[in-house]
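Novice: Sequence:
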Amino acid sequence: MLSFKSLIDEIENNIHKILDELSVSDISFSVEPAKPGFGDASSNVSFLLAKQLKKNPKEIADMLSAKFEKSQNTLVSRVESHPSGYLNFFADWEKLNQLILSESNLDEFGSVDLGKNSTMIVEHTSVNPNKALHIGHIRNIIIGDTIARILKKSNFKVNVLNYVDDSGLQVADIIVGFRHFNFPLQPPLGKKFDHYCGDDVYVETTEKYEQDPSLDEIRKNILKELEDGTSETAQFADKITRQVLENQLETCWNLGVFYDCLNFESQIIRSGLWRKIFEKLKEMFLVEFETEGKNEGCWVIRGDNNEEDKVIVRSNGTATYIAKDIPYAAWKLGLLEDPFNYQKYEKIQPGNHVLWQTTLASSNEPKQNFTAEKVITVIDSRQARLQKIITTLMSKFKSANDAYVHLGYESVTLSADTAQTLGLNTDGKQAQMSGRKGLYVNADSVYDLLKNKTMEETKKRHSEMSDDEIKKIAHIVSVGTLRYEMIKQDLDKIITFDMTKSLSLEGDTASYIQYTHARASRIIEKSQRCPSIDVDFSLLTDASELDLVKTIGLFDSNVMNAAQNLSPKVVARYCHDLAVSFNSFYEHVKVLDLGDRKLENSRLCLVNSFKLTLKKALDLLGIVAPDKM
RNA sequence: GGACUCGUAGCACAGUCUGGAUAGUGCGAGCGGCUUCGAACCGCUAGGUCGAGGGAUCGAAGCCCUCCGAGCCCUCCA
Numbered sequence: 000m001l002s003f004k005s006l007i008d009e010i011e012n013n014i015h016k017i018l019d020e021l022s023v024s025d026i027s028f029s030v031e032p033a034k035p036g037f038g039d040a041s042s043n044v045s046f047l048l049a050k051q052l053k054k055n056p057k058e059i060a061d062m063l064s065a066k067f068e069k070s071q072n073t074l075v076s077r078v079e080s081h082p083s084g085y086l087n088f089f090a091d092w093e094k095l096n097q098l099i100l101s102e103s104n105l106d107e108f109g110s111v112d113l114g115k116n117s118t119m120i121v122e123h124t125s126v127n128p129n130k131a132l133h134i135g136h137i138r139n140i141i142i143g144d145t146i147a148r149i150l151k152k153s154n155f156k157v158n159v160l161n162y163v164d165d166s167g168l169q170v171a172d173i174i175v176g177f178r179h180f181n182f183p184l185q186p187p188l189g190k191k192f193d194h195y196c197g198d199d200v201y202v203e204t205t206e207k208y209e210q211d212p213s214l215d216e217i218r219k220n221i222l223k224e225l226e227d228g229t230s231e232t233a234q235f236a237d238k239i240t241r242q243v244l245e246n247q248l249e250t251c252w253n254l255g256v257f258y259d260c261l262n263f264e265s266q267i268i269r270s271g272l273w274r275k276i277f278e279k280l281k282e283m284f285l286v287e288f289e290t291e292g293k294n295e296g297c298w299v300i301r302g303d304n305n306e307e308d309k310v311i312v313r314s315n316g317t318a319t320y321i322a323k324d325i326p327y328a329a330w331k332l333g334l335l336e337d338p339f340n341y342q343k344y345e346k347i348q349p350g351n352h353v354l355w356q357t358t359l360a361s362s363n364e365p366k367q368n369f370t371a372e373k374v375i376t377v378i379d380s381r382q383a384r385l386q387k388i389i390t391t392l393m394s395k396f397k398s399a400n401d402a403y404v405h406l407g408y409e410s411v412t413l414s415a416d417t418a419q420t421l422g423l424n425t426d427g428k429q430a431q432m433s434g435r436k437g438l439y440v441n442a443d444s445v446y447d448l449l450k451n452k453t454m455e456e457t458k459k460r461h462s463e464m465s466d467d468e469i470k471k472i473a474h475i476v477s478v479g480t481l482r483y484e485m486i487k488q489d490l491d492k493i494i495t496f497d498m499t500k501s502l503s504l505e506g507d508t509a510s511y512i513q514y515t516h517a518r519a520s521r522i523i524e525k526s527q528r529c530p531s532i533d534v535d536f537s538l539l540t541d542a543s544e545l546d547l548v549k550t551i552g553l554f555d556s557n558v559m560n561a562a563q564n565l566s567p568k569v570v571a572r573y574c575h576d577l578a579v580s581f582n583s584f585y586e587h588v589k590v591l592d593l594g595d596r597k598l599e600n601s602r603l604c605l606v607n608s609f610k611l612t613l614k615k616a617l618d619l620l621g622i623v624a625p626d627k628m
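First residue of the first sequence? That's 0 in numbering that gives the first Met the number 0, and the numbers climb one at a time after it.
Keep in mind that the hints were calculated from the coordinates and are not lab data. Glycine included, C-beta positions come from ideal geometry on N, C-alpha and C. Wrong hints could be hidden among the right ones.
In silico SDA-like links for lysine to any residue, alpha-carbon gap of 25 angstroms or less [claimed, not checked]:
#: 1; residue 1: K191; residue 2: S83
#: 2; residue 1: K492; residue 2: V588
#: 3; residue 1: K346; residue 2: L335
#: 4; residue 1: K452; residue 2: T508
#: 5; residue 1: K53; residue 2: S83
#: 6; residue 1: K281; residue 2: N294
Computed Cβ-Cβ distance ranges for the label pairs, DEER-style [to be verified]:
#: 7; residue 1: K50; residue 2: R521; range: 52 to 58 angstroms
#: 8; residue 1: N181; residue 2: E216; range: 15 to 21 angstroms
#: 9; residue 1: S465; residue 2: A383; range: 48 to 54 angstroms
#: 10; residue 1: K50; residue 2: K589; range: 38 to 44 angstroms
#: 11; residue 1: S465; residue 2: E206; range: 20 to 26 angstroms
Sequences are here, hints too, so could you generate the full structure?
Specialist: Have a look at this one:
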């Protein structure tokens, strides 16, 4: 890949050669894009040599820069030894412009080969199918989807899975509601079925438990019946959860999130995978039977150092929650024989991206393979302890100890103001969402709110547009805004969601970034020319132009960083950097009506490179780059 | 009590993995910029003992230790 990294590589190679001449080795110096005002790339190598050579960094920098001037340089035009001791390098911009701008016109620009075409599973979403998705689930979904996109760009063969937890207590609760409290199967007019199940059936049913503890018996019985697939209750529950799942998927698809396969917990339970993995655990002495103490009669996994033992099989012989995750994790890594058949999901995903689902029944479709060498499971960090147990177990089953990765993230909480609008006074503190208490902001309503807002904004600017066109743009901007809010900060920072502040369209937002793309598109459109890379690159000399080229050239480095660290925000920040750089360029130099066609063409080439690169970078975030907005 | 995470400007966050120059961005505040390729924009100003203390280092927001504050987990719940 030819990009800014070519310059960095050249500098690194030449420094290495100089160090060899000096017979110095084992120095892991860095060469990085320079801060503004310090050239184009900088190295700290003189600091690291200071001790060995017993000279101060500045003397070493002087010596190195003199030697560097004599080495084979094609992309470096000049070296400077800064009084601080840094070596600052200045690029030959005519060559670098050509290199970066030509490369940026290729489809695979920004791709890196971290994965070497190896297989990878990204599992995300994994929500109980008893309610609509809320803003907390959306964080999970967007992180997972973005990671999958970044890993694909990094040459991993990625399969995206959604684990549908359709046999747990939460599902039992709405079944109790339908069966014992006679909630009608039809939602009120105009309400989606998933909203109805979550807002009404689930919340009101759990309320009743509090008033009448004797209902617990009913709940347990329902749960038991769910595990037996042949029971009438289980088949009824299957109908209900399938309908909720379909509604949840509609929400995901609307946000540009797609899957490769749906795995159902109920099927994993009925598949017998648990018995197999339990035998294996026993053979490997990873579980122990407790004959005394508080866990008497249970099978447990011993806790590390100070941690408590974890019960995985109760004294009555039933498996606990974590136990269900163990066979699934092993299945994902291909450690167990696959008991499933596969069929296509009933509804077609937008874009015709095929969606499979597991089944225990026979199927006319060929057997699929969704297992992978590495697995990333996106689950919020409140489950870190359980996930750690799974990770440890998997590392004992499979020699590679990073084969199973729990990608954790902090939760989404509600701001005091937003909690208040939902009827909860928190004394100015943020509040945890709760499905059971009905305290959440659901994803569909956030999207609707954003869409109305963006439609108004778009109308203001484009009185000439048809309603259809305005809706299309509003959709793109709303989805972008929501997605960007969910990944622009680090995974281990809590997001405090506020109905008004989080939906801003100004500042560090998706719409700011999308706007620059629209600006670039308009310039190209107005030029009435097809941008070409057959231009005079030496004409691009303004600081704002070179800065933009440089930022474009850093695309692949950012993709690599994001993929290595499983950090979607790296790409988000890169998109923002690109937009800032373009806006600065836009203010500083004009592209059209210069009366100098050669210069116009050079700048058009730059504008087009920016546009192509931003589009690719936004695509990694699942954000669409509009030509008008 | 133990595990994990966080603490950087009034607020929300980058930068910490991989130590080096002048600690960045957005919101908010103050001022300025559309007869000009789109103002969902741009420029300028003010605002910081990088939670506290100690240590190793020529050099710390970053590494190590201790402490303080916040969150979260620690069920034969899921």
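Novice: Hint check: K53 vs S83, CA-CA at most 25 angstroms. Holds or violated?
Specialist: holds, 16 angstroms
Novice: Has the hinted range 52 to 58 angstroms been met by the Cβ atoms of K50 and R521?
Specialist: holds, 56 angstroms
Novice: Could one say that the CB atoms of S465 and E206 fall in the range 20 to 26 angstroms?
Specialist: Distance hint for S465, E206 is violated at roughly 47 angstroms.
Novice: Would the pair K452 and T508 pass a check requiring their Cα atoms to be no farther apart than 25 angstroms?
Specialist: Cα-Cα ~15 angstroms, so holds.
Novice: Using the Cβ atoms, figure out if K50 sits within 38 to 44 angstroms of K589.
Specialist: Violated: the Cβ-Cβ distance is about 52 angstroms, outside 38 to 44 angstroms.
Novice: Just to be careful, I want the Cα atoms of K191 and S83 compared with a cutoff of 25 angstroms; is the pair within it?
Specialist: Not OK: K191 and S83 at ~64 angstroms, beyond 25 angstroms, violated.
Novice: If you draw a straight line from the CA of K492 to the CA of V588, is it 25 angstroms or shorter?
Specialist: With Cα atoms ~39 angstroms apart, K492 and V588 exceed 25 angstroms; violated.
Novice: Taking the Cβ atom of S465 and the Cβ atom of A383, is their distance within the range 48 to 54 angstroms?
Specialist: Check passed, 50 angstroms falls within 48 to 54 angstroms.
Novice: Quick one, are K346 and L335 close enough, alpha carbons at most 25 angstroms?
Specialist: Between K346 and L335 the Cα gap is close to 29 angstroms, so the pair fails against 25 angstroms, i.e. violated.
Novice: Verify the CB-CB distance for N181 and E216 against the hinted window 15 to 21 angstroms.
Specialist: At roughly 18 angstroms between Cβ atoms, E216 and N181 fall inside 15 to 21 angstroms, so the hint holds.
Novice: When you check the alpha-carbon spacing of K281 and N294, does it fall within 25 angstroms?
Specialist: holds, 17 angstroms
Violation of the numbered hints given earlier is confined to hints 1, 2, 3, 10 and 11; the remaining hints are satisfied by the structure.
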